[in-house]
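Undergrad: The primary structure of each chain is shown beneath.
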Amino acid sequence: MSGLLAYATYLPVHRLDPSDIGIRGSRVVASFDEDSTTLAVAAATALRSGLAEPMAAGSLFFATATPAYADKTNAAAIHAALRLPADTFAADLVGSGRSPVAALRAALAGGGLVVAGDVRVGKPGSVDEKTGGDAGAAVLLGDGPAIAEVLAVVAATEELLDRWRLPTSLTAEQWEERFGFERYAALVRATAGRALAAAGLEEADHVVLTSPNQGVAKRGGSLVKGLLSTGTSPLGFSGATDPLLALAAVLDEAGPGETVLLLSAVDGCDAVVLRTTDLLPGRRQARSVAVQLAGGRTVDYPTYLSWRGLLERELPRRPEPDRPAGPPSARGVDWKFGFTGSRCTACGFVHLPPTRVCRACDVADAMEPAPASGLHGTVTTYTVDRLAYSPSPPVVDVVVDFDGGGRCSLEVADADSEALAVGSRVDLSFRRLFTAGGVHNYFWKARLVPDGDESDRSRA
Amino acid sequence: MSSRGIADKVAIVGMGCTRFGELWDSSTDDLLIDAVGEALASAGIVRDDIDAWWLGTLGSGQSGLTLSRPLGIDYKPVTRVENYCATGSESFRNACYAVASGAYDRVVAVGVEKLKDSGFSGLLRTDPPADGTASELSLTAPAAFSLLDPAYCARHGVPAEQMREAMTHVAWKNHVNGARNPKAQFRAEVSRERIEGAPKVAGRLGIFDCSGVSDGAAAAMVVRAEDAYDYTDRPVFVKALALAAGPMRGGLDPAYDFTSFPEVVRSAQDAYAQAGITDPRAELSLAEVHDCFTPTEVVLMEDLGFADRGQSWKDVLAGDFDADGRLPVNIDGGLKSFGHPVGASGLRMLYEAFLQLRGDAGERQLADPRTALTHNLGGRPGGCVSFVSVVGNERG
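Residue numbers (the numbering used here), protein chains in the order written: chain L, 1 to 460; chain D, 1 to 396.
Bear in mind the hints are in silico, worked out from the structure with no lab data behind them. There is no bait here: all hints are sound.
25 Å max Cα-Cα, derived SDA-like pairs, lysine to any residue:
hint : chain 1 : residue 1 : chain 2 : residue 2
1    : D       : LYS200    : L       : ASP300
2    : D       : LYS200    : L       : ALA419
3    : D       : LYS200    : L       : LEU420
4    : D       : LYS200    : L       : PRO319
5    : D       : LYS200    : L       : VAL379
6    : D       : LYS314    : L       : VAL422
7    : L       : LYS218    : L       : PRO18
8    : L       : LYS130    : L       : GLY22
9    : D       : LYS314    : D       : GLU196
10   : D       : LYS116    : L       : ARG313
No experiment lies behind these values; they were computed from the predicted model shown.
Generate the whole structure from the sequences, applying the supplied hints.
TA: Next up, the structure:
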């Protein structure tokens, strides 16, 4: 069985004001240009940037309950954004909070990268609005030096009407919470017992239990206890991301040689038992879930509602953009999805996007690929465009000069125009610019990097 | 570069220009008929005397049929041209070459744009199917040109407030001029306070830093220079026609700093060489330039050689380009007062040059102008097409 080699999570920057939705704590929300696919890319990108060596993942499994497309493999876009080799298998596991367990099981069998992303949309006032969370997570499994070994995987399945959503509906339904709680309570106790027995353990050091049923999530500690910690997802329920996010939060803190019982109660119960290794303390994700959760910026409630399609706002008096066309997108897949330009082998000039004829020395067809999605750059000039079409105006645009060469004009993601200046440092984030004619326009945006950010290594 | 030009080989003998504005009651057909009709009448000839036609429009129609149908032109060569916001000038340039080549004796260049039927603000784009990654998709024209402002300040150490004053002066000046032009879209002076207090569109550009959106058409009748006096006592001779299309390197090259249009510099150099101009500041009587946004005009003064690098903001504030300054710029009110019906603007600039050089500019008339420059730009900082013409009322 494969071991767990690396993990990372991505929490969007935006938060709802707790007083707007009647909660204590925070509600993490994806921006208008984020969806399950981009959240997964963000987490996978963070995972990869923490690896000492190039990522070897023979398979890519994408778990989500809110796929951006049906009838089209969303994992293919993630595959392209990560510039994985063409012979990498990539597939979606779509449906519910149980999908990531399916992805984990697949990757445990033969290795692979598990990514998850979900945007939890709830009607105003609903439990999903109050206790959901939008996030992405990624876990790399395979042979090799593991940060955690998998000791046991067990499952139980039960049909029950606790949480559900019609595929055509934006928001979900739930039965009375106590009904689901009572059914799940028995399932969780039984499954946890079987899992510990299968792992040869009396008790686990850490128990983490996630479930879309908030009763289960809140009262998990009364069902199964860990020796050192007992908890649930720190975000609220983040859909298909939740089991991975909950596990990540434990791995952020756990010591070496400790056991973890991960329980996910969704239409049954899944349990995974792991034991951390001595490698864990040195290979935790760079930004822990707690650190990411502590940051963030408040988005006003009407704007959030408009992002989710729950409130329709007057748009600028500008035409909507055309849908991206299939053949040019396919020809330019390395650019559009991989942000790979071209570098002139004659003079070294970097072109973003790639060109055939060098703009600096005029030599033709002497280019090599210049991957740039992991680069940092400096803002050379910028503007706030109040006229342009955008799902969330105004558009903030920057001209970025990248470290090591190359210039590109880009939109700014999670834009805080007050914090923007000539000389600001930026990195890149894969986003959904807009959706037109039923086609999602994925591309990269610049993202402001705070001063002193550790990821900005290239800054002198 | 080998650009011999066609100085003094062709002449403009008639021009027409509609009123520019939100012309809800005029169609594209109406605008074409009115502009061409005025041009032909001013030259004293009729439609069937014209040997060939050039029509410039960005999006108000396709093919020569857009012109031949409303005018009822019978089986003559009619060519539609497009070159972004320099479309009107491009129509004129190609018409002139046709006469200079000897292929035709009498041609008409007309430019038209009907923008106000769309229901949208600003210009519409008609791009071919693409992958959705071009920054032009999100960045509107005001946003793209607003990049000039902070970049110019940073490059030349100009305090932001003084750059703001220079931009305001450009808008103020052009509206003062436009208030004296019966064909302008906006015929009122605008106070500096109102210009600076206007709602923001992009960057520091407010509504009054942007040219308006309007409908309009303008037309020129062009003949061989030696035939010019057959049509009028006061022909205007074409001294230079220059066009430069950039490689769009600025958007890719960290060396480009958004404080100049290299395409304008090149097209101006070419035009001055064709016209034999060595000191444009002394030899030009007036200039009509592409003031699509106020910082554009500030930068153009340097690119066209009217001001030293990094100094044009001072010259603008000193009134050098005002109606009574050393070189009046946009004496007709410019794009600021006329709006920018894309296909028409380049010919509208020539129309003012034609009026001024013939002494027909009414209360805007400058004293004894000899030589005028028109400058028309399409695209944006980092990649554009730039057109420069020089015309004069004396045959060299």
